[in-house]
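**Q** Single-letter residue listing:
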Amino acid sequence: MNLLALDTSTEVCSCALYVSGEASSQHEIAPRQHAELILPMINNLLAEASLSPKQLDGIAFGKGPGSFTGLRIACGVVQGIAFGLDRPIIPISSLATLAQLAYIEFEWPHVAAAIDARMQEVYWGCYALDENHLMQLQEREQVCKPQAAMLPFSATWAGIGSGWQTYHEILSTTVGNMPIQQEKYPLASAMLPLAIDAFEKGQIVAPENALPTYLRNNVVQV
Amino acid sequence: MRVLGIETSCDETGVAIYDSAQNSVTHLLHSQIELHAKYGGVVPELASRDHIQKLLPLIKNLLVDNGLTPREIGGIAYTAGPGLVGALLVGSAIGRSLAWAWQVPAIGVHHMEGHLLAPMLEPFPPSFPFVALLVSGGHTQLVQVDTIGKYTMLGESIDDAAGEAFDKVAKLLGLGYPGGPAISKLAQQGNPDRFIFPRPMTQRPGLDFSFSGLKTYVLNTWKTHVQDEQTRADIAYAFEEAAIDTLMIKCRRALKQTQLKCLVIAGGVSANQRLRQHLTQLANELHVEVYYPRPEFCTDNGAMIAYAGYVRLKAGQSEALNFSVHPRWNMSLLS
Ligand SMILES: Nc1ncnc2c1ncn2[C@@H]1O[C@H](COP(=O)(O)OP(=O)(O)OP(=O)(O)O)[C@@H](O)[C@H]1O
Ligand SMILES: [Mg+2]
Chain A
1 MNLLALDTST EVCSCALYVS GEASSQHEIA PRQHAELILP MINNLLAEAS LSPKQLDGIA
61 FGKGPGSFTG LRIACGVVQG IAFGLDRPII PISSLATLAQ LAYIEFEWPH VAAAIDARMQ
121 EVYWGCYALD ENHLMQLQER EQVCKPQAAM LPFSATWAGI GSGWQTYHEI LSTTVGNMPI
181 QQEKYPLASA MLPLAIDAFE KGQIVAPENA LPTYLRNNVV QV
Chain B
1 MRVLGIETSC DETGVAIYDS AQNSVTHLLH SQIELHAKYG GVVPELASRD HIQKLLPLIK
61 NLLVDNGLTP REIGGIAYTA GPGLVGALLV GSAIGRSLAW AWQVPAIGVH HMEGHLLAPM
121 LEPFPPSFPF VALLVSGGHT QLVQVDTIGK YTMLGESIDD AAGEAFDKVA KLLGLGYPGG
181 PAISKLAQQG NPDRFIFPRP MTQRPGLDFS FSGLKTYVLN TWKTHVQDEQ TRADIAYAFE
241 EAAIDTLMIK CRRALKQTQL KCLVIAGGVS ANQRLRQHLT QLANELHVEV YYPRPEFCTD
301 NGAMIAYAGY VRLKAGQSEA LNFSVHPRWN MSLLS
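Note that the protein sequences, when read in sequence, are chains A and B.
1 is the number of the first residue of the first sequence in the numbering used here; add one for each residue after it.
1 is the number of the first residue of the second sequence in the numbering used here; add one for each residue after it.
These aren't lab readings, by the way, just hints derived from the structure by calculation.
Careful: at least some of the hints might be erroneous.
For each label pair, taking beta carbons as the anchor points, the in silico distance ranges come out as [stated by the list, open to error]: (1) B:Q22 - A:Q33: 28 to 34 Å; (2) B:S332 - A:E48: 37 to 43 Å; (3) B:K314 - A:N43: 23 to 29 Å; (4) B:S127 - A:Q33: 40 to 46 Å; (5) B:E156 - A:S52: 56 to 62 Å; (6) A:S52 - B:G67: 37 to 43 Å; (7) B:S332 - A:E36: 22 to 28 Å; (8) B:P192 - A:M119: 49 to 55 Å; (9) A:S52 - B:K256: 57 to 63 Å; (10) A:D57 - B:E34: 24 to 30 Å; (11) A:N209 - B:M1: 39 to 45 Å; (12) A:T173 - B:G174: 39 to 45 Å.
We put the beta carbon where it would ideally sit given N, CA and C, even for glycine.
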């Protein structure tokens, strides 16, 4: 199985490639440069793995939540690639990717992933490790005031993501003190295990049905 | 060569395939007018969200409708600017990555060059050099076109664009969006002798335009009269005449100044029937030729982008994988 994964939901532009058991990846912290960076990155990864685009079986992308424009860059790019190659798309939550990253890097089994949503709000999702070493969503993801963030059950939680940087104090008062990693972003490399699992379970969509999950839907200022 | 064209710079999702062998084009369009209508103008975030939902299904339908397989597409063109940044990014991301997957060249097109070249899709296209009047929702420009990519700006609006003026006047008269067609329709019921509005910036030399004063004049007239149906129609008539006459005066000057014998009009306002009548008169009087696109290619569409892209690709230009968009982009910087 060969999968490509990419995420441009935050300041980081990242992509990863899984070629029959071998993973490779690239990322760069580059706000507002995702359009320029993403396709060259993908092209490089494939070239280094001597893989032609047609050998890909599916394409995963960070569907959000995150920067609206970033979500649409990733979404547009995977729509184009998947339609062009006639392959399915695997949409993966960027909060799930963050949680998976927390497990990969720190072995935390209970993770509160938070991305700064601007406008005094945070994208919030709590994840717990399953028996296959994959992070599973507990309850639901939401955009909310940091004062309204909640943990689904009591356990030894840890926090990850930019939301913990912007709203550290409020979040600590609301859900309690816990170990945190603030300067972490959803990396495509951490998305890979989730994408492989989803692909095997058939959690795929046709290219035109892959759309961003914005969470924030009241976008008209009147 | 067949080129797929993608237009997503504002509130229309347009796709088309231009076939150079036949000089023919086929296109599909999804308009967001209803989506934005209740907000009284285009909401950029809503526009981007709609483009990403509609674009790929449109491309699919276009290929299916024309019985084309990917192998038969030789290149992809998409609007890279000017326009709304989020909306431009949708068309560019899908267009550029699709070209990568199909292994064909891609090109980011200047939206106004697209408008400018739209008359080339007609059975009797203009030949270079010519004077072009671009009149759309965001632009009012007189351009000397020596050849593709050689554009000299002769004059432009210092405030509102002509189409914008139609839209604003329509709004203050309580007509719907887009204002151009609404004003035109109502003007047919207008009494030509009731009001005469000023022709802004025609007393002074030069080829620049200004439409915001005319809009204010309309507002004052509307406020100081009994606001009945007839008055509304009379104002629509006087406004349309003043706007068109102003455009005509400047076109006349531009033709004289450049000594060129060919005039091209493009952009949404070029769909205006009275404008076309006046142009025919002007053409006869000055012994010049006048060209415009068919009405459906006056406003935004994928066909003009497919064609402009074809011309650029044929000239050997293309965009590398590191695509970018240009929300503001001066056409005279093209080459
Ligand atoms: N029959 C008409 N008479 C006058 N104006 C018209 C007519 N039909 C359309 N318009 C005007 O044309 C404009 C839309 O044209 P177009 O789609 O070319 O503009 P745009 O794409 O919004 O702007 P730009 O091309 O400058 O970025 C609107 O302002 C509309 O009112
Ligand atoms: Mg336009």
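**Q** Now tell me, hint by hint, if it's right for this structure.
**A** Consistency of the hints with the structure:
1. B:Q22 - A:Q33: 28 to 34 Å: Cβ of Q22 (chain B) to Cβ of Q33 (chain A): about 40 Å, so the range 28 to 34 Å is violated.
2. B:S332 - A:E48: 37 to 43 Å: This hint holds: roughly 42 Å between Cβ atoms.
3. B:K314 - A:N43: 23 to 29 Å: Holds: the Cβ-Cβ distance is about 25 Å, inside 23 to 29 Å.
4. B:S127 - A:Q33: 40 to 46 Å: holds, 42 Å
5. B:E156 - A:S52: 56 to 62 Å: At roughly 48 Å between Cβ atoms, S52 (chain A) and E156 (chain B) fall outside 56 to 62 Å, so the hint is violated.
6. A:S52 - B:G67: 37 to 43 Å: violated, 27 Å
7. B:S332 - A:E36: 22 to 28 Å: Holds - the Cβ-Cβ distance for S332 (chain B) and E36 (chain A), about 25 Å, lies within 22 to 28 Å.
8. B:P192 - A:M119: 49 to 55 Å: holds, 53 Å
9. A:S52 - B:K256: 57 to 63 Å: holds, 59 Å
10. A:D57 - B:E34: 24 to 30 Å: With Cβ atoms ~39 Å apart, the hint is violated.
11. A:N209 - B:M1: 39 to 45 Å: Hint violated: Cβ distance 31 Å, outside 39 to 45 Å.
12. A:T173 - B:G174: 39 to 45 Å: This hint is violated: roughly 52 Å between Cβ atoms.
Hints 1, 5, 6, 10, 11, 12 from the earlier list are contradicted by this structure; the remaining hints agree with it.
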